[in-house]
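Number of protein chains: 2
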Amino acid sequence: MKKIEPKILKGFRDFLPKQMAIRRKVFDIIKDTFESYGFDPIETPTLEYSEILLGKYGEEADKLVYRFKDQGGRDVAMRYDLTVPLSRVCAQYSQQLTKPFKRYQIQPVWRAEKPQKGRYRELTQCDVDIVGIKSPLADAEIIAIIYNILNKIGFEKFTIRINSRQVLFSIMEKAEVSKDEILSVIRSIDKLDKISIEEVKQELRLKNIKSQTIEKIFQFIQEAEPDIFLRDMLSLVEKLGVPKDFFKFDPILARGLDYYTGPIYETFVEKPKIGSITGGGRYDKLIGIFIGQDIPACGTTIGIDRIVDVIEELNLWPEFSSTNTRVLITALDEFFIGQAIEISQSLRLEEINTEIYLNFEDRLEKQLKYADKKGISFVIILGLDGAQENTVVLKNLRKKMQKEIDKSEIIEELKRNE
Amino acid sequence: MKKIEPKILKGFRDFLPKQMAIRRKVFDIIKDTFESYGFDPIETPTLEYSEILLGKYGEEADKLVYRFKDQGGRDVAMRYDLTVPLSRVCAQYSQQLTKPFKRYQIQPVWRAEKPQKGRYRELTQCDVDIVGIKSPLADAEIIAIIYNILNKIGFEKFTIRINSRQVLFSIMEKAEVSKDEILSVIRSIDKLDKISIEEVKQELRLKNIKSQTIEKIFQFIQEAEPDIFLRDMLSLVEKLGVPKDFFKFDPILARGLDYYTGPIYETFVEKPKIGSITGGGRYDKLIGIFIGQDIPACGTTIGIDRIVDVIEELNLWPEFSSTNTRVLITALDEFFIGQAIEISQSLRLEEINTEIYLNFEDRLEKQLKYADKKGISFVIILGLDGAQENTVVLKNLRKKMQKEIDKSEIIEELKRNE
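Same order as they appear, the protein sequences are chains C and B. Under the numbering used here, the first sequence has 375 at position 355, and the numbering climbs by one with no breaks. Under the numbering used here, the second sequence has 368 at position 348, and the numbering climbs by one with no breaks.
You may find that some hints are simply not true.
Which copy is meant is left open, because identical chains are indistinguishable; a pair holds if it fits in one copy or across any two.
Claimed, not checked - Derived DSS-like pairs (lysine-lysine); straight-line CA-CA distance at most 27 Å:
| no. | residue 1 | residue 2 |
| --- | --- | --- |
| 1 | Lys23 | Lys293 |
| 2 | Lys291 | Lys45 |
| 3 | Lys211 | Lys236 |
| 4 | Lys27 | Lys83 |
| 5 | Lys38 | Lys51 |
| 6 | Lys389 | Lys194 |
| 7 | Lys38 | Lys268 |
| 8 | Lys435 | Lys134 |
It is worth saying that the hints were derived from the structure and are not from the lab. Given the structure is predicted, the values throughout are model-derived calculations rather than measurements.
One chain only, chain C, in its complex shape (with noise of 0.2 Å):
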């Protein structure tokens, strides 16, 4: 058979021990805290039916999405974002989930972007949603819950910008933008983070919006207020234990997708600098595309990758192990390979983690250097010289120390040394 060459797809990656120990650190935090509010989980199939998908996100979106004739020449398409699947699966077991729905899901959904840096066409996104009720309460415990998240892994200086599409609506009102150029408005809008205001104002000029209306827009923005809801809204943020230096009104904040209707949040981490990675809002419409009645909704998605290459890249948990193996038990003859089983057994009943080395006629080194690539703290050795029958060496390869105990001993030995 001919040799294929190992490689992946541009803008997908494989995660070995060592990104998934981090990874599933960060998703532990994100589950603890959408449980603590209430959340449970659910999952939604990776293929839809295009039609589920399509006309959601908005035309430039809907390029990105993966989409094939299945074997059964079905039009189908993968998994975009979780707020599209979870509309559907509230229109379609309506009568049997309780509501208000608070759910989260983790999964990955595909775009099919130009890769870079920190951009995938796999990705992993963290999202928690309130269906069922329209409610400013609602949407501050999406920002309490993005608080409290970020500062858990260890982000230091972060801003949640918080603006609403009707305070947007009412802005283009006043500057007379007809009501079908409103969305393609606020897309331009939202591209403020990336690209300067000249620029902005360019391609609104080029979507033949007049230059008398771009600065009426820019004016009204300056000067725009919160309206009542988000008012409510803010003021419970404050109350659910986020501070003041942590979430701002900000009316520039315009949001890309075109399906929000009220409230939209999006966090900028200043420190360490990453930029956007949350985002979210009300919109309070979607749900009824599938059910045909509105059924108010928001909430927010985590951008995961970025979140855990930022770990990665400063070296934010410096003492997180790559390995979740505890002790190797190494041997220098099969003879002790009755005596390896029996005491890896006795380790397994009390929940500790432990490898058998599964090559008795390699070295003592090479095996040493196993549990040290692994980061395998602890190794026990079976049979070395000068050791007596009823003991083994005890290696500490953090400590680097090592000790003669009696077998009987192990367990509590490990356990002192938790």
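Given chain C's structure and the hints, the job is docking chain B onto it.
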């Protein structure tokens, strides 16, 4: 906008909170067991270049791979199993990985099979493999892990059937099956679980195998004995604590996939009656396709979907809660929103998952019904007629009891009822 019918593709599933809770518990048992033997997790992309996946599973399986051209015209395919991606990973990062490489992987795979009860197009596989060593202890550890997982899940009677491709190959040789027909004959024998001996013989005749050869094959299968490697492995399985009733040499076991080279294993669950839920074996030549030299490897897949189906159908875990939320705080007036937030925050600090009912305008019955439907055990009611200013009513919905307690006693009271 026209209404879109909310529906999903056949063979694909949504998982709502109750199913997610059962799935998570099963995953936790599986992960904990894998890790107790020194395995660490990895993950690989959903999409691979098609040439990476195709040509390894056999002709019939290749047709079931979801395959399409992406936006850049690349020929891509969706993950079909976890063994081929692992092999690619072992070749691609061979310098970086510790060897033997003990990895586990829990991810969905996609197969365009005819959907039927218990057979899905999107299913989750849990794989555990040891790469880089040809030792019967490696295979034996895989068997011990299977036993421990199924035992912890609560299955009472199951048999891990063990055979070896070597045993089958020498039967084929003795029966004078020509070399290029051997894998095809093995694929037919693999169907003995599902169809009768007569039907298998008929299939072999259609494949132009002589009647005399077919009779010899079945005669030699009956007389077969384990080879040396398998004998060593079976004895180590016993040393690793697997009771004799739970595993056996079974020369009729064939396994469908082409890439196995040594021992093969499959678990048949008899009580509850589920059938085959694990499959694996040794595949010493698969990684070689990607790296140009043989690397020994062995492992198994555990079919989580069938396991979860059975737990649900037979209600094996009746006490299982469908929510992670322990406490619901309800109130009958917006006035209490500050108090509700305060109590919720104090409970979260104690790691008690707490939800505030978000619509204080709803009647109390509706709020209580919400808790009951969601499966929340405790409800704290604020501002109930007759309650003192500093007290709340704490309802235990499971025990159908309630009492008025001082706010300062809430945490203690909840902990007492854990």
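**Message:** Are any of the numbered hints broken by this structure? If so, which, sorted upward?
**Reply:** 1, 6, 7 and 8
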